[in-house]
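Note that our numbering has the sequence shown beginning at 24, numbered continuously upward.
It is worth saying that the hints were derived from the structure and are not from the lab.
Every residue gets a Cβ at the ideal spot worked out from N, C-alpha and C, and that includes glycine.
Some clues are possibly wrong.
[To be verified] Estimated spans, in silico, between C-beta atoms of each pair:
(1) Gln157 x Val111: 51 to 61 Å
(2) Leu131 x Leu73: 18 to 28 Å
(3) Leu75 x Ile136: 32 to 42 Å
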Amino acid sequence: MWGCSSPCGVLSAVMCMRCSPMAGPRHDEGGSMGLMLAITISIIVAVGVLLLLSGELFRLVIGLAVLGTAVNLVVFMTARPGSLTPPVIEPGFTTLPAGAVNALPQALVLTAIVIGFALLCFSLVLAAWLAQRQRRADVDGLRATEPAPTDAVKPAILED
Numbered sequence: 024m025w026g027c028s029s030p031c032g033v034l035s036a037v038m039c040m041r042c043s044p045m046a047g048p049r050h051d052e053g054g055s056m057g058l059m060l061a062i063t064i065s066i067i068v069a070v071g072v073l074l075l076l077s078g079e080l081f082r083l084v085i086g087l088a089v090l091g092t093a094v095n096l097v098v099f100m101t102a103r104p105g106s107l108t109p110p111v112i113e114p115g116f117t118t119l120p121a122g123a124v125n126a127l128p129q130a131l132v133l134t135a136i137v138i139g140f141a142l143l144c145f146s147l148v149l150a151a152w153l154a155q156r157q158r159r160a161d162v163d164g165l166r167a168t169e170p171a172p173t174d175a176v177k178p179a180i181l182e183d
């Protein structure tokens, strides 16, 4: 009897998909790859924060997109990307195999990428319009566009 010795928990006469010789090289359960992705995500977050803290409007928009990418990577990491077992229910079974990849974070990341791209396009067009209208592209210049309040309860109305 040779069973699976990995932490996936399959104890049978047949090897699991993860440990099968046909599955290719074995993964290291997220050891060095997890560390490398954590460092990469940290660098992406640092770059995004630096872009957000710059006073320029276009850098702020790009910084938001970079931070969105970092969040997508964090969510993607919850799907056990090192697992070799696909999220497919075999005929005759009612549940996924132990250690199968979680498909929900992948679907969420795909949706977040589409929404993030649409938001980035809208933000860039809005930033270009503001920069053209105000003739400056810094964040401090945007404060001057807000009209002075005339009433303590009602907001001021912006007139052209």
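Here's how the hints hold up against the structure:
{"no.": "1", "hint": "Gln157 x Val111: 51 to 61 Å", "result": "holds, 54 Å"}
{"no.": "2", "hint": "Leu131 x Leu73: 18 to 28 Å", "result": "holds, 27 Å"}
{"no.": "3", "hint": "Leu75 x Ile136: 32 to 42 Å", "result": "violated, 20 Å"}
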